[in-house]
Amino acid sequence: MRRSLSLNALLGASLAFFTALIGLPFWWVVSGSIKLPQEIISRLPTMFPQSFTPQHYQKLFQASDYPVYLINSLIVATSTTLVTLVLAIPAAYAFFRLTFPARGVLYRSILLAYAFPSIVVLIPLFGLFAKVGLVDRLPSLIIVNVAFALPFSIWMLRSFLAGVPKEIEEAAVIDGASTLKILRRIMIPLIAPGIAAVGIYAFVTAWTEYVFASVLILSDAKRTLPVGFSGIIGQYQIDWGLLLAGATVAIVPVVALFALIGRGFVSGLTEGAVK
Amino acid sequence: MRTILKIALGAATMLTPAAALAQETVRLTLWHMEQPPHRVERIQELIDAFNAANPDIVVSQEPQNWGEVYAKAPAALAAGQGPDLLFAIPDFTPILKDIGALTSVADFVEELDGKHDFIDTAVEAYSYDGGVWAVPLYNMAMNLWYRKSVLEEAGVEVPQTWEEWRAAAEALSRDGVSGMGLPANKQLYTDQTVYSVMVNGGATEIYNEDGTLRFDNPETVAAYEFYTNLHQFSPADSASWTWGEAEACFSAQSCAMVMQFSVISTYDTQAEGDAEDLGVAAIPSKDGEDHNTISYANAVMLLSSDEARMEASKKFVSFLLEPENYGRFLNMEPGLFMPVTADGAQAESFWSDPMVEKYREQIETVIENSQNGRLFGFTSGLTFPSIAAISAQNIIAETLQSIVVNGQPAAEAVAAGQARMEEVAR
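So the sequence lines, in the order shown, correspond to chains A and B.
First residue of the first sequence: 1, per the numbering used here; consecutive thereafter.
First residue of the second sequence: 1001, per the numbering used here; consecutive thereafter.
No lab work stands behind these hints: they were computed from the structure.
Hints are not guaranteed to be accurate.
[Stated by the list, open to error] Computed footprint of chain A on chain B, listed as stretches where at least three residues anywhere in the stretch have a Cβ under 8 Å from a Cβ of chain A:
#, stretch
1, 1034–1042
2, 1115–1125
3, 1244–1258
4, 1264–1277
[Unchecked claim] Here are the in silico distance ranges between beta carbons for each label pair:
#, chain 1, residue 1, chain 2, residue 2, range
5, A, F61, B, S1060, 20 to 26 Å
6, A, A259, B, N1065, 31 to 37 Å
7, A, Q62, B, P1218, 54 to 60 Å
8, B, A1236, A, F61, 33 to 39 Å
9, B, T1365, A, P117, 26 to 32 Å
10, B, A1416, A, T208, 55 to 61 Å
11, A, Q55, B, N1065, 22 to 28 Å
Remember, predicted model here, so these are calculated numbers, not experimental data.
Beta carbons: idealized from backbone N, C-alpha and C, even for Gly.
Chain B with its partners taken away, still in its complex shape (with noise of 0.2 Å):
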C-alpha cells in the first residue's frame, strides 16, 4: 500500500511542473484568408517556428474566406468563439471597430515603426477616430501588365497619359487580341480598376471632411468618361470578369495589357514565364504627372480583451515582421504580397526567393508603384463607417455597368451613383 502511495505521489510531483505549465500556455487562434494551399502552408511553416520558439504560446491557423468573414467574425465574436487575430483589408476594420471587437494598438504600431519604418499609407489606412485599429502586414497595389515584346512589335510606348494610354489599346487591338483587358463586373475588382483610373484624374476623395459624399464631381465623371471608352477594347465578356480572368486573358496572349496587383505567378507557371518580356507600370494618369494608384495595405487585427492573450498575439505580430521572416511571410505568394516595412523592402528573406529573384525588376517597380497606394474612403486621415456598406456593395463597379452595359451617361451614373452611397450610409 505504502508503495503505491509513493508512485502516487511521485508521479503527482512530477505531473504538477506539466500541468502548472499547461495552464500558462497561452493559446491563440489565428484567422486568415489566404486560402490557397501553398499559402497556408507557408504560415504553418512560420507558425511552427514561432511556436517552437515560445514553448509557453501556441498559436493555430484557421483560413477563411473573404466572401463570408464579413458576417462570420461579428457573429463568431459575439457568441465568443471568434479569433486572436484576425487578417483585415481597411473597409473590414471599421465593422469590427463599431461592434467594439477593437482596442487601439496606436503605441504598439508606434513601437513596430520605431523598429521596422512602416510605410506610412499602410498606417494611415486603419489611423482615424483618435487610434490605430490594426498592424500592416503587407501590401497589394494595382499595376499595369503588359508584354514588351507585344508594345515593340506593335511601336507602341508605355503609356504614361490617358491620351496615350487609349491610343496603345486601340493599337494593341488587332489579330483577335484585345488591347486592353478592363473589368466591367459588378464585383470587387472592377471598383479597383475604376478607382485607379478615379484616383489618376484627381478623383481621390469621395467623401469631404465633414462626411458628407463627393463622388459627384466633375473629376470622377471624367473619370468614368475615359474608362468607358478604354472598356471599348476589353474582351467581350469583361463585363463578368473578376481578377482570375483578367489574368488568364493576359496568359493567354488574349489581352495585350491588364490592371492587376500582380501576374507573375500565373504569367509563370501558366504562360510562357519569360521574366525578361514582362512589363509592369504605374497605372497612367491624365496628365502624365503623378500615377497614383489603388492599394490595399493587408493588416493583422488584434482582438484579444485578455492581457496575457493580447500580449502573445504582438509577440507573433513582432515575430512575422522581423526580417528574417517576414520575406518568409510575404513570399507565400510570390509577386502579389508587397512589404509594408523599410527593413522588409531590404530584407534577404524576401529577396532571395527564387520567384523575386526571377521577377525583381518588376518586383521592385511595383514596391515604388505601391508608395503612391490609396483607398477609396481611406485617403484623407478621416474615414467614415458608412465606406464599409459603400465598399460592400460595389456601387462603384456599379455605377460603372450602367454606363457599360446599360449605356447610361456618366454624368447620370455617378449621380445615380452618389445618391446609392447615401442611402446605403444611411
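The following block holds chain A by itself, in its conformation from the complex (with noise of 0.2 Å):
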C-alpha cells in the first residue's frame, strides 16, 4: 500500500516537530556546555556555539567532587537494578503462574509501597536505618530503591509473562522440567524485552532518586549524583557550564544503557516460540 505525498508530508513533519520537542533541549544542554559563560549567558541565544571551551568539564572533573558522585550513582542504580530484577522475576512469575492461598490479595497489596509520599517515611526510615547502622551507607539507598521499584517492576512483567503462551510451559512440563528450570531456560528468555524494560526502570529510577539519597547520605563521598550535583552548582550564584557540563555527564550513562538494551524493545515478544 502506498501512501499519499501529503501523508507522508505530515508524517515528517510530525516526526521533525516531535524529534525538535525531545532533541532540543538536549542539545541545548549539550551544546552549550562547551561555550564560554560569556555566551551561555547571552542576551541572545544562539543554537550553535560560536566559541569553544572545555573549561567547564575541566572544572567538573578536577575541581569538584563530580567523579566520586558518578560512581556512587553507578554503583547504586547498577546494584538496584540488579536486585530488583532478581527479585521481580520469580515474584512475577509466582504471581502469575503459581497458585497460592491470598495470591490476588497480595499481588494487589504490593502497590502500596507507592500509597504513601516518600516523605512520609523519610523520617521513620532514617531512625530504622539509624539503629540498624544503615545510615550514610550505599546499600541503604540500594534498599529503598529496591524497594520502591519492585512493586512496579513485578506489575510491568505481569503483562509479559501473560504474552507467553500457556502451551510452552505445559510442554516443558510434559518432558519434565522442573518450575525453576522453566522460569530460568523458557520464561526468561522469552520475555527479555521485558527484563530489559523492568531493567532500564529500575535503573533510571534509582538513577534520578533525590528525597532518601538527600538525606540518608550524610557525606560528601557516599553521596550520589542528583544530590552532590544540587549543591556544587551553588544556590546564591550559578556556574551555569558547570550545570550544563554535569548534566551532559548524567545522562550518558541512561543513553548508554537504553542503546545497550533498547533493542531488546524492538524484538518479538514471542517470535516462533510455537510453530
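Starting from two chains that each stand alone, build the complex the way the hints lay out.
Written as C-alpha cells, this is what we have:
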C-alpha cells in the first residue's frame, strides 16, 4: 500500500516536530556545556556554539567531587537494577503462574508501597536505618530504591508473562522440567524485552532518586549524583557552564543503557516460540 | 623467647603514648551548606591549618544542602549521628533549639565580641529566650546593582526613593532590556526581595510584641503595591526566578538593575568584569530617608553535649574569627560573604584577595548597607518559633504571587497572607 505524498509530508513534519521537541533541550544542554560563560548567558542565545571551551568539564572533573558522585550513582543504580531483577522475575512468575493462598490480595497489596509519598516515610526510615547502622551507607539507598522499584516491576512483568503461550510451559512440564528450570530456561529468554524494560526502569529510578539520597547519606564521599550535583552548582550564584557540563555527563549512562539493551524493546516477544 | 618478649614489650611501650594520644584526640564534624567546590576547598584549607596547629583536635567537613538540612539535621541529631558544628541562618536555629539540641553560647559570643566586636544586628538575630544560640560568622545583605554606564546613557540617577526607583525602571526599559529584574516566584529569593521593599516602607515588623502577627497592615499593603507596580518592568519569566536567573539577567545586560546579595563573582567571570562600571546602592526607601535591607547573618551552631568537644568546637570557631584567618574564610566567595566583626572588616586577609581588591568600592558599599540589615521575624529582640514555619512556607513570596500572578488586590492578598501565617503558626 502506497501512502500519499501529503500523508508522507504530514508524517515527516510530525516526526520533525517531535524530534525537535525532545531533542532540542538535549542539544541546548550539550552545546551549552562547551560554550564560554559569556555566550551561555548571552542576551541573544546562540543555537550553535560560537565559542569553544573545555573549562566546564575540566572544573567538573578536576575541581569538584563529581567523579565520586558519578561512581556512587553507578554503584547504587546498577545494584538496584540487579537486585530488582533478581527479585521481580521470580515474584512476577509466582504471582502469575503459581497458585497459593491470598495470591490476589498479595498481588494488589504490593502496590501499597506507592500509597505513601516518600517524604512521609523518610524520617521513620532514617531512624530505622540509624538503628541498624545503615545511615550514610550506599546499601541503604539500594534497599530503598529496590523497595520502591520492585512493586511496579512485578506489575510490568505481568503483561510480558501473560503474553507467553501456556502451551510452551505445558510442553516443558511434560518433558519433566522443574518450575525453576521452566523459569530459567524458557520464561526468562521469552520475556527478555520485559526484563530489559524493568531493568531500565529500575536503573533510571535509582539514577534520579533524590529525596532519600539527600537525607540518608551524610558524607560527601558517599553522595549520589543528583544530590551532590545540586550542591556544586551553587545556590546564590549559579555556575551555568558547570551545570550544563554536569547535566551532559549525567545523561550519558542512561543513554548508554538504552543503546545497550534498548534493542530488546523492538524484538518480537514470542516470535517463533510456537509452531 | 626472651627476645620476642622484649620486642613485644618494647613495641607496647612505644605504642602506649600513641594510643593515649589517639584516645585524647577530639574529632569534630562540621556541617555547612557552602557546597560549590571552591568554597569546600577554601574551608578545607582552613581546617587543615587548624588541625596542623591543634594536633589534639581533628576537624572534618561534610558539606550539606540547604534544601535538605532542615529535615536532615534534626533526624541525624536524634539518631546520634549529627555534627558538632552546623552553619545556620536565623530561621534554622529555632528548629534545633526547640528539639533541645542547642545550649546558649552567650558567654562565648560575649568573649568573642570583646575581642572582635560583632555587628549588633548579627548577634540580635540569634539572641532570644534569654540566650544566644549561635555564633555569627558572615553576613549577606541585599543591594541594588546596576551598571553606571547604562544609567548615565539613559540620563537616570541612582534612585533613592520609591518614586525615583519606578521612574528609573521605566526609563531603563527599552530595546528589549528590562528596567528592573524582580522575582515573583514562591521561593526564598522572592521572600528576600519583597522584605527588602517592606523594610524600606515601614513594614519591618511582622510580629507584635505579644507574638501575634501584624503582617496585615497598611505599610505592608503599600509595599506590595509598590513591588507589583515595579514588577511590570521585569522579564516575563521572572515569576519563576531564583537568584541565579536574576544574576544571569543582569550579567547578560537583559536587566538594567537587579536586587541581589552580590553579582560580583558572576559579573567578573561571566560578564564584562569592568569594576569601574559596576554600581551598587542601598535599596531605595519610600521617602528616601533611611535605607534598610534584608540581611542574613549566617552563623554556626555548637551542638556537642560533650564538654571536650564543645571546647574544641569553640577553639575552631575562635580560629575562624581571627583576622588573619577570617578574611580567607569570607573570601571563599569573594564579594558575597561580608564580615560581621569590626576587626574582620579591617582585616588584611579580607582586603588582600584579588577580587576584593578589584571591587573594593562595591564591597565597601555592601558592608555599609549591611549595617542596616533586618530579617523578618528577628527584628524586635523577641523571636517566635513560628517564624521557622512561616519562612519555610515562603508565605511572603506566596502573597506576592497572589497579586502578580493571580491578580488579587494587594490588601486582600496581604490579609490572606496573614491568615496563612496564623495557620502555619498553629
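Do the hints match the structure? See the list:
Counting residues of the stretch 1034–1042 of chain B whose C-beta sits closer than 8 Å to any C-beta of chain A gives 6, which meets the bar of three, so the coverage hint holds. Chain A is given as covering the stretch 1115–1125 of chain B, and this is violated because 0 residues of the stretch bring a CB closer than 8 Å to a CB of that chain, at least three being needed. Here the stretch 1244–1258 of chain B counts 7 residues with a CB under 8 Å from a CB of chain A, which clears the bar of 3, and the coverage holds. Closer than 8 Å: that is the beta-carbon criterion, and the stretch 1264–1277 of chain B has 5 residues meeting it against chain A, so the requirement of 3 holds.
In this structure the hint that F61/A and S1060/B lie 20 to 26 Å apart at CB holds, the actual value being about 23 Å. Evaluation of the 31 to 37 Å hint for A259/A and N1065/B yields a pass: the beta carbon distance comes to about 32 Å. A hinted range of 54 to 60 Å for the beta carbons of Q62/A and P1218/B is consistent with their spacing of about 56 Å. At about 37 Å, the beta-carbon gap between A1236/B and F61/A stays in the expected band of 33 to 39 Å.
In this structure the supplied range 26 to 32 Å is violated for T1365/B paired with P117/A, their Cβ-Cβ distance being about 46 Å. A hinted range of 55 to 61 Å is violated for the C-beta pair A1416/B and T208/A, which are about 36 Å apart. At roughly 25 Å, the beta carbons of Q55/A and N1065/B sit within the given window of 22 to 28 Å.
Consistency note: the structure conflicts with the earlier hints numbered 2, 9 and 10.
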